[in-house]
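Colleague: Following the hints, put chain B in place on chain A, whose structure we already have.
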Amino acid sequence: MKKKLVSMVATAMLLLPLLGHAAPIKIGFINSITGKEAQIGENLTNGAAMAIEELKAKGIQVELIKEDDGGDPKNALAAYEKLVTRDGVIGVVGPYTSGSANVVASRADQYQVPLLVPAAAKEDITMKGYKNVFRLNAPANVYSSVLMSAVAAYKPKTIAYVYAATDFGVSTVKTAQENAAKMGLKEVANEKYQQGQPDYRPSLAKVKAANPDLIFLVSYDADAILLMRQAKEIGLTPKAFLGAGAGYTTAQFAQQTEISNLVVSATQWTDDVNWPGAADFARRYQAKYSKEPSYHAACAYEAMKIMVVTASKSKTPTQLRAGLKAGSWNGILGPVKFADYSGFTNQNNHPMLVQQIINGKYETVYPAQFSKKKLIYPFTR
Amino acid sequence: MFFLQSLLSGILTGGVYALAGIGMSLVFGVMNISNFAHGDLMMLGMYLAYFAFTLLHIDPYLSLLLIIPTAFLFGFIIEKLFIHRIINHPHQNQILLTIGLGLIMSNSALLAFTSDPKILTTTYSSSAFHFFGGISLSVPLLLSFVITCGIIGVLFFFLSKSTTGLALWATSQNREAAQLMGINVAKMSAIAFGLGTALAATAGALIAPTYYIHPMAGHTFLLKAFTICVLGGLGSVIGAGVGGVIIGVVESMASTYLSSDWKDVVVFIIFLAVLLLRPQGLFGKKGEQ
Chain A
1 MKKKLVSMVA TAMLLLPLLG HAAPIKIGFI NSITGKEAQI GENLTNGAAM AIEELKAKGI
61 QVELIKEDDG GDPKNALAAY EKLVTRDGVI GVVGPYTSGS ANVVASRADQ YQVPLLVPAA
121 AKEDITMKGY KNVFRLNAPA NVYSSVLMSA VAAYKPKTIA YVYAATDFGV STVKTAQENA
181 AKMGLKEVAN EKYQQGQPDY RPSLAKVKAA NPDLIFLVSY DADAILLMRQ AKEIGLTPKA
241 FLGAGAGYTT AQFAQQTEIS NLVVSATQWT DDVNWPGAAD FARRYQAKYS KEPSYHAACA
301 YEAMKIMVVT ASKSKTPTQL RAGLKAGSWN GILGPVKFAD YSGFTNQNNH PMLVQQIING
361 KYETVYPAQF SKKKLIYPFT R
Chain B
1001 MFFLQSLLSG ILTGGVYALA GIGMSLVFGV MNISNFAHGD LMMLGMYLAY FAFTLLHIDP
1061 YLSLLLIIPT AFLFGFIIEK LFIHRIINHP HQNQILLTIG LGLIMSNSAL LAFTSDPKIL
1121 TTTYSSSAFH FFGGISLSVP LLLSFVITCG IIGVLFFFLS KSTTGLALWA TSQNREAAQL
1181 MGINVAKMSA IAFGLGTALA ATAGALIAPT YYIHPMAGHT FLLKAFTICV LGGLGSVIGA
1241 GVGGVIIGVV ESMASTYLSS DWKDVVVFII FLAVLLLRPQ GLFGKKGEQ
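For the protein sequence lines, the chains are A and B, in the order given.
Quick note on this note's numbering: the first sequence kicks off at 1 and runs consecutively.
Quick note on this note's numbering: the second sequence kicks off at 1001 and runs consecutively.
Just chain A, same shape as in the assembly (with noise of 0.2 Å):
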């Protein structure tokens, strides 16, 4: 009898929580939370978690089921499988390398249940045509069309490449060649480099011997700083330096102000852009995780609150769908619009900032509309 009394008492309690309301909707969120991009990851991991904590606070019920793919395409598409078979969630946010996400968005018609693509950068993942992957960040062609668009208005003549050699550089510089050739610009040097090395001087005494207006660096964390010290000593001074994303977006590289003073970079997202609620995202983060949100942890929360908010006024995945495509959005990202373009398929058209170092502070410099600083050019020491 006392055995029986406590199994109904455990099931009762079991089911306490499905009658107090209804089902919270569920939403799966793929991440890098270990492996190589763990440091992202982490802000990513931060900026869904805001987002989530605000939204419930307003009373919109959520159920966020996380997945770890640790970099890997492989877990990722077992972990987009295990939450659209198992979990039943009706829409999935991630992953974050581009490798991941690519692999993913390639099976998400196949089960119809929409990807959200927060911050991957691979033209590829919106470009074949799938109906449920949608994608929020600017994909990689943007990164130098807007560098290189920052500095069209003050003539440049001829561009330098330095870059690493990897997926992201190769990939990086050969849209960046493209669109310096559609400005005009003559190419006096190409450098691909092996990461990791300690001696760049040879490869950047060559591009000094070229005297390049610009210079276009694609480089991951620490060989950016190498690179930029190693440019200094030689004496190199361009009118420019444009780093492509990466090792020249980070606080660590902005803190070496004897080097990083005057480097311009492309970013999607910084805090003292004017999009309506940045600063105070910014500020918010800063008194949560004691550091200063990457353009990665605004990407997750917008991404995340768009996926939420549109998701609690469907009720399967092809409502949700439909409500994404036809839905507009104005948060910490701007304007978002999923729309078809020049190839690309649910793609936000999201205008990408150019951000200049200055004295240790990444500053807004361009497009004009969404910045308060002025571009300083030429470059100097």
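Do not take every clue at face value.
Said to hold, decoys possible - Footprint (simulated), chain A over chain B, 3 or more residues, beta carbon under 8 Å: (1) 1117-1127; (2) 1130-1139; (3) 1212-1221; (4) 1249-1256; (5) 1260-1273.
Unchecked claim - FRET-style restraints, in silico, Cβ to Cβ: (6) Asp-109(A) / Ala-1112(B): 41 to 49 Å; (7) Ala-152(A) / Thr-1122(B): 36 to 44 Å; (8) Ser-1162(B) / Pro-378(A): 55 to 63 Å.
Derived from the structure by calculation, the hints contain no laboratory data.
We put the beta carbon where it would ideally sit given N, CA and C, even for glycine.
Modeller: Using the frame of chain A, we list chain B on its own:
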């Protein structure tokens, strides 16, 4: 100008490679062990220099006075605790042990210091001496090179003049004969491993101001140190010194005249050529393995 610039910067970078190679070669010479933890010992040297600079505010080059004895002691203890147990065992056991020790070191560093690369920024980190014709020499690299030359000089003097040095030299020439002559070869092994560790840590500390500090940073240099040792002749201190400078210059020349993408290819073509034409290495004695 290109030629001179890349020659000079190659020689300076090669100096630090040489120091890493000499430590490895010394251990091999005396103990007949290939130390695959050598790169990780270098990494520990980098962190020692970093923390001496950030916590104790000691200049990274001055901190060598602390790092060298600490590293020597660390190496001495490691040898007494682990390495000496496998000294007469087959090579694969020795390789597995040193790889294992290296993995423990790099992963402990990963746990303790995280995977964020650390940057050691001194007031002279990105300064250079400029000469006529647009040639520039990095101040920290030049300092490292001068210190490397000094250390190699002292080491050479120690090996050829002091009693302990001569005993080390004898052990490296013939372990059994040295033992028969009354040399304590077990002690010599521990001293050699301590010296090798101290040299690795010194190389790490010397490169720290011009490189970045990361738990896996040693791996880049392990392969280089190994190449240098084989190129110069395993066990030959002079060979490792010359080998280091050769690798530095070849890398620099390859980046200047081909592409930085190709420099490893050129290094390994030369490496293979040396192995084919002179299997004992440039300064190795004929008949050694």
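Colleague: Does each hint fit the structure? Answer for all of them.
Modeller: Hints versus structure:
{"no.": "1", "hint": "1117-1127", "result": "holds (count 6)"}
{"no.": "2", "hint": "1130-1139", "result": "holds (count 4)"}
{"no.": "3", "hint": "1212-1221", "result": "holds (count 4)"}
{"no.": "4", "hint": "1249-1256", "result": "holds (count 5)"}
{"no.": "5", "hint": "1260-1273", "result": "holds (count 4)"}
{"no.": "6", "hint": "Asp-109(A) / Ala-1112(B): 41 to 49 Å", "result": "holds (46 Å)"}
{"no.": "7", "hint": "Ala-152(A) / Thr-1122(B): 36 to 44 Å", "result": "holds (38 Å)"}
{"no.": "8", "hint": "Ser-1162(B) / Pro-378(A): 55 to 63 Å", "result": "holds (59 Å)"}
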